[in-house]
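**Student:** Protein sequences, first through last, are from chains U and F. Residue numbers for the first sequence follow our numbering, beginning at 1 and rising by one. Residue numbers for the second sequence follow our numbering, beginning at 1 and rising by one.
These are computed hints drawn from the structure, not numbers from a lab. There's no promise every hint is true.
Under 8 Å between C-beta atoms, here's a sample of chain F residues computed to sit facing chain U [as the list claims (entries may be wrong)]:
no., residue
1, Ala2
2, Thr5
3, Ala100
4, Glu103
5, Phe106
Residues from chain U that keep clear of chain F, each with C-beta distances beyond 12 Å, as calculated [said to hold, decoys possible]:
no., residue
6, Asn7
7, Ala10
8, Gly16
9, Ala79
10, Gly108
Listed below are several chain F residues computed to face chain U (Cβ distance under 8 Å; list not exhaustive) [to be verified]:
no., residue
11, Leu43
12, Phe45
13, Asn56
14, Gly58
15, Pro61
16, Leu90
From a predicted model like this one, the values you see are computed outputs, not experimental measurements. Glycine included, every Cβ here is placed at the ideal spot set by N, Cα and C.
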Amino acid sequence: SQKIEQNSEALNIQEGKTATLTCNYTNYSPAYLQWYRQDPGRGPVFLLLIRENEKEKRKERLKVTFDTTLKQSLFHITASQPADSATYLCALAVAGGTSYGKLTFGQGTILTVHP
Amino acid sequence: KAGVTQTPRYLIKTRGQQVTLSCSPISGHRSVSWYQQTPGQGLQFLFEYFSETQRNKGNFPGRFSGRQFSNSRSEMNVSTLELGDSALYLCASSSSLGVAQSEQFFGPGTRLTVL
């Protein structure tokens with residue numbers, strides 16, 4: 001069956017370090033992969049989108065990699081700050097069918113950055 | 001530009017009742033999608049509307065329905081409520097069709113509690 005797994009439910013790091021979050025998937029051939037941030041009591045906020053033919057995408061302190069061979073995406077936050085503390089969600093979309101109309105989300109990783 | 005707005009923010013209903021939730025997208029956005037978020041199942045795609053037509057649907061029973069108006073505002077209806085329908089219902093808008101390949105702007109959600 002299709003499955004999306006985000007490496008751990010919670011990740012704790014020290015301020016200034018690089019946070020690395022993992023999104024693994026099985027029985028998918030995603031055409032797109034997105035990362036979102038969600039704060040308690042709020043809707044998710046879009047961070048980055050990467051396509052299957054892209055290896056890496058960057059935006060300020062954020063970097064996403066997409067390895068379709070390993071069936072894995074890594075999400076990095078460099079020089080992390082306490083304000084980066086939130087739940088991070090990965091979401092996949094497969095190609096074909098009725099176009100790219102469905103996103104399947106992972107369960108999320110709760111990141112806590114300690115001062 | 002104002003963000004995505006959802007009304008009401010909180011709702012309490014009893015089993016068997018029906019409920020209608022409303023979503024106003026960002027001005028100019030024609031795509032509206034709906035999601036259900038629960039602690040157990042995470043964030044799950046319900047459906048996407050674009051130009052008043054449902055373009056894609058997730059794996060939810062027919063009790064879940066929606067519609068979109070000519071001004072792109074959308075409503076979601078759940079009939080014959082069950083306890084398991086208690087969740088945060090999120091609406092997201094986008095400037096183009098296809099939730100997978102475009103940035104989704106989420107609203108704050110409607111917290112539905114079914115007693």
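**Student:** Does Phe45 of chain F pass the interface check with chain U, least Cβ-Cβ distance below 8 Å?
**Tutor:** OK, holds: Phe45 of chain F within 8 Å of chain U, min 5 Å.
**Student:** Would the hint on Asn56 of chain F be counted as holding, given a Cβ-Cβ threshold of 8 Å to chain U?
**Tutor:** 3 Å, holds
**Student:** Taking the shortest Cβ-to-Cβ distance between Ala79 of chain U and chain F, state whether it exceeds 12 Å.
**Tutor:** 24 Å, holds
**Student:** Closer than 8 Å between Cβ atoms is the bar; does Gly58 of chain F clear it against chain U? Give me holds or violated.
**Tutor:** Where the cut-off is 8 Å and the nearest Cβ of chain U is about 6 Å from Gly58 of chain F, the hint holds.
**Student:** Against chain U, run the beta carbon of Leu43 of chain F and see if the smallest gap drops under 8 Å.
**Tutor:** 4 Å, holds
**Student:** Grab the minimum C-beta distance from Pro61 of chain F to chain U and call the hint holds if it beats 8 Å, violated otherwise.
**Tutor:** Hint violated; Pro61 of chain F Cβ to chain U Cβ min 17 Å, cut 8 Å.
**Student:** Please verify that hint: Ala100 of chain F, Cβ, nearest Cβ of chain U, below 8 Å or not.
**Tutor:** Constraint on Ala100 of chain F satisfied, holds at 3 Å.
**Student:** May I ask you to test the interface hint for Leu90 of chain F with respect to chain U, counting a Cβ-Cβ separation under 8 Å as satisfied?
**Tutor:** OK, holds: Leu90 of chain F within 8 Å of chain U, min 5 Å.
**Student:** Once the closest CB in chain F is found, is it more than 12 Å from Gly16 of chain U?
**Tutor:** Fine: 29 Å to the nearest Cβ keeps Gly16 of chain U off the interface.
**Student:** Return the status of the interface hint for Ala2 of chain F: holds when the least beta-carbon distance to chain U is below 8 Å, violated otherwise.
**Tutor:** 14 Å, violated
**Student:** Find the nearest Cβ of chain F to the Cβ of Asn7 of chain U and say whether that gap is larger than 12 Å.
**Tutor:** Fine: 15 Å to the nearest Cβ keeps Asn7 of chain U off the interface.
**Student:** How about Glu103 of chain F: closest beta carbon in chain U under 8 Å, or not?
**Tutor:** Holds - the Cβ of Glu103 of chain F comes within 8 Å of chain U, reaching about 5 Å at its closest.
Hints 1, 2, 10 and 15 from the earlier list are contradicted by this structure; the remaining hints agree with it.
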